[in-house]
Amino acid sequence: MLGNCLENVRKTVPLVHNITNYVTVNDVANVLLACGGSPIMSDEPDDVSDITSICGGLNINIGTLNKRSIESMFIAGAKANELGHVVLLDPVGAGASALRTNTAIELMEKVKFDVIRGNISEIKTLALGSGTTKGVDADAADTVTEDNLDRMVAFAKSFAAKTRTIVAITGAIDLVADEGKCYVIRNGHPEMSKITGTGCQLSGVATAYAAANPNNKTEAVAAAVCVMGLAGEIGVAGMQAGEGNSSLRNRIIDAIYNMDAETLNKGAKYEVR
Amino acid sequence: MLGNCLENVRKTVPLVHNITNYVTVNDVANVLLACGGSPIMSDEPDDVSDITSICGGLNINIGTLNKRSIESMFIAGAKANELGHVVLLDPVGAGASALRTNTAIELMEKVKFDVIRGNISEIKTLALGSGTTKGVDADAADTVTEDNLDRMVAFAKSFAAKTRTIVAITGAIDLVADEGKCYVIRNGHPEMSKITGTGCQLSGVATAYAAANPNNKTEAVAAAVCVMGLAGEIGVAGMQAGEGNSSLRNRIIDAIYNMDAETLNKGAKYEVR
Amino acid sequence: MLGNCLENVRKTVPLVHNITNYVTVNDVANVLLACGGSPIMSDEPDDVSDITSICGGLNINIGTLNKRSIESMFIAGAKANELGHVVLLDPVGAGASALRTNTAIELMEKVKFDVIRGNISEIKTLALGSGTTKGVDADAADTVTEDNLDRMVAFAKSFAAKTRTIVAITGAIDLVADEGKCYVIRNGHPEMSKITGTGCQLSGVATAYAAANPNNKTEAVAAAVCVMGLAGEIGVAGMQAGEGNSSLRNRIIDAIYNMDAETLNKGAKYEVR
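The listed protein sequences derive, respectively, from chains L, H and A.
First residue of the first sequence? That's 12 in my numbering, and the numbers climb one at a time after it.
First residue of the second sequence? That's 12 in my numbering, and the numbers climb one at a time after it.
First residue of the third sequence? That's 12 in my numbering, and the numbers climb one at a time after it.
One or more of the hints may lead you astray.
Treat identical chains as interchangeable: a pair holds within one or across any two.
Taking lysine to aspartate or glutamate and the DMTMM-like style, the derived pairs with C-alpha atoms no more than 20 Å apart in a straight line are [claimed, not checked]:
| id | residue 1 | residue 2 |
| --- | --- | --- |
| 1 | Lys-205 | Asp-271 |
| 2 | Lys-205 | Glu-18 |
| 3 | Lys-280 | Glu-202 |
| 4 | Lys-173 | Glu-117 |
| 5 | Lys-280 | Glu-244 |
| 6 | Lys-78 | Asp-57 |
| 7 | Lys-280 | Glu-157 |
| 8 | Lys-173 | Glu-190 |
| 9 | Lys-168 | Asp-153 |
By construction, these hints were calculated from the structure, which means they are not laboratory data.
Note that the structure is predicted; figures quoted are calculated from it, not measured.
Input sequences plus hints: build the corresponding full structure.
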């Protein structure tokens with residue numbers, strides 16, 4: 012049950028090391044606290060090895076990457092792998108610039124990731140690679156819809172198998188897949204796209220969930236995706252006249268803070284394929 | 012009409028590349044989403060050329076500048092100029108340090124800006140230059156008031172003509188001028204100065220407005236200034252007992268999120284001189 | 012009276028230069044405005060000397076430190092010392108990594124600090140040093156409780172004497188000590204630990220308070236600690252159904268914005284030992 016995954020986070024309070032962008036970093040810290048985890052941020056090459064050593068999970072987010080933080084991603088990733096920590100990649104903007112695409116791909120080559128979370132464009136970019144040769148996955152569509160769902164589920168499973176990770180593709184319909192199964196999740200609300208960083212927040216939460224549920228990480232990541240989506244629904248439902256995206260940002264983090272296993276089990280809308 | 016400028020932003024959803032300070036960056040991202048634009052942040056020299064290429068506008072803000080981000084400002088500025096994108100300069104702290112003053116002046120020399128937005132001290136610093144020779148503009152006063160309004164309007168037009176930009180000087184009374192005309196705007200509320208970053212937010216919004224209204228950029232920047240000021244008035248009017256600057260920050264972004272053409276046309280308080 | 016310290020901040024509006032982490036920097040800026048001060052941020056070596064020169068206080072926070080910002084801390088610290096400005100050290104994560112521990116210790120050797128504010132683990136790390144030789148303070152417990160209060164008060168005074176600073180050790184019970192006396196403060200609420208950066212915020216506020224009260228800095232820092240704790244109590248008391256840590260963050264800053272001398276004098280819970 013997804014609710015168990017939530018309770019394991021609140022019980023074990025996983026410490027998550029975040030190398031993340033400075034746009035949404037404060038929200039990532041607060042949402043990690045809200046979900047029951049504990050955040051620490053560090054992106055200096057001389058600091059990250061020590062910091063990641065005291066943590067249980069590592070969340071690498073390439074938004075606002077720079078040469079210093081990129082170096083730190085590789086150092087922290089290697090250390091986290093050595094220690095058997097959960098490591099997540101959020102390839103923000105892969106496909107939007109050569110540096111972002113190449114950094115994400117090189118990270119995938121040199122760091123063993125447990126989870127990769129992105130939108131369909133980012134994941135498609137990683138599946139195709141940065142080269143000019145287009146692989147079989149090139150026909151992956153640009154959004155996941157009810158119409159192309161079978162094909163996208165197959166794509167997600169195939170990408171997960173090829174990269175030996177759990178892949179979370181988030182959008183109107185979310186997919187969380189490993190080699191063998193795919194959670195198709197229909198929580199969330201379009202209004203969430205009007206807030207900066209709900210994806211970054213989810214990556215932080217998913218790292219905490221995977222770290223606290225080492226024996227069923229796929230289910231844990233699916234639980235994190237449901238938590239975020241359900242919090243979005245609760246947040247939008249609570250909006251008062253005159254409120255907008257800034258209030259909604261607060262409402263979503265508040266909803267995660269108040270989320271319990273029962274609410275999650277009742278509100279999660281998913282099927283496993 | 013200013014309302015048309017607003018509607019063009021919501022229709023075209025301009026993607027704005029921001030090289031901005033890490034203090035207010037999250038608010039800049041959320042306010043860009045609130046006004047109908049879309050934000051992306053990048054300040055790594057190896058990344059900014061690709062990122063700015065996919066955008067419609069570039070917002071350069073020199074708060075918390077560093078050697079890396081300064082290099083990125085010049086690279087991104089050159090690329091945006093090459094592509095004919097709207098480029099805005101927010102000279103945060105020009106006059107407060109030699110590095111900030113000199114960086115702003117060098118940017119003005121090497122990058123063609125469409126808009127420069129700052130407070131009177133910052134704009135005065137740019138008008139006077141960093142050297143010891145004081146130009147004719149040296150008598151520009153330190154605040155724009157009803158008493159010195161004629162002189163300040165002339166200063167704004169003269170600065171706009173000399174720099175071939177639209178200049179927005181914001182304060183108790185806001186001025187938005189090009190060579191030929193000056194919008195004198197009386198929206199806003201003093202309480203806005205108790206929130207960090209309303210100026211940075213306005214620069215993001217103004218970039219989106221100018222990008223979405225390429226044929227009447229001066230009016231578009233004036234519209235953005237009215238939107239921000241009017242949102243401040245709506246925010247302050249909505250404050251409940253016990254609320255302070257943190258709630259007001261949310262209320263202002265929410266008000267921008269809910270602003271429509273009718274509200275703007277009714278609430279905008281300006282004259283053109 | 013603590014209320015006088017508050018009023019001196021509102022009267023003199025101290026400008027505080029913050030070299031601080033990018034996680035909580037926006038909240039630090041807004042809380043400085045809320046308490047009556049004025050924030051400016053800069054962490055570029057070529058910029059910090061000019062910026063700190065125009066300020067009244069310097070707040071050095073080593074969270075998310077990097078080589079560039081570390082260099083800036085030493086430059087700004089030297090300049091602030093030269094000008095007789097108040098300087099505060101927030102040793103975020105001292106003890107969690109060698110870089111953080113060593114940076115904090117080297118800062119203490121080369122910069123004259125007026126105030127050091129941290130949690131007990133951080134202060135204990137500074138007291139013990141980074142070497143392997145454990146000093147007499149090694150027996151300092153890991154939390155301040157009613158049971159070990161006498162011993163912790165003695166530790167705080169001894170650390171203050173040895174370092175010639177005012178030390179603020181914050182936790183469930185807060186201690187603010189100089190060589191001769193120790194404020195034992197029982198304001199605050201456990202829920203505050205669910206928000207990122209209340210410690211960073213306090214360091215900003217404490218810098219403003221010390222800068223505005225040069226003749227009784229220990230009392231001023233104690234006042235700042237009471238203000239923060241009392242704002243936490245007011246914030247928690249005001250929470251509505253469905254609210255969580257994101258709303259609480261807003262409520263605390265709002266409470267500081269609305270805090271006056273009378274509220275502080277009535278609500279402060281402290282004794283001097």
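Outcome of the hint check:
1. Lys-205 with Asp-271: So Lys-205 and Asp-271 pass the 20 Å test across copies only (16 Å; inside, 26 Å).
2. Lys-205 with Glu-18: For Lys-205 and Glu-18, the Cα distance is within 20 Å only across copies (17 Å; inside one copy 30 Å).
3. Lys-280 with Glu-202: Answer is within; shortest intra-copy Cα gap is 18 Å, inter-copy 31 Å.
4. Lys-173 with Glu-117: Within one copy only: 15 Å inside a chain, 48 Å across chains, cut-off 20 Å.
5. Lys-280 with Glu-244: Within one copy only: 12 Å inside, 38 Å across.
6. Lys-78 with Asp-57: Both: 14 Å inside a chain and 9 Å across chains, each within 20 Å.
7. Lys-280 with Glu-157: within (15 Å within a copy, 48 Å between copies)
8. Lys-173 with Glu-190: So Lys-173 and Glu-190 pass the 20 Å test inside one copy only (8 Å; across, 60 Å).
9. Lys-168 with Asp-153: Within one copy only: 17 Å inside a chain, 48 Å across chains, cut-off 20 Å.
In summary, this structure violates none of the numbered hints.
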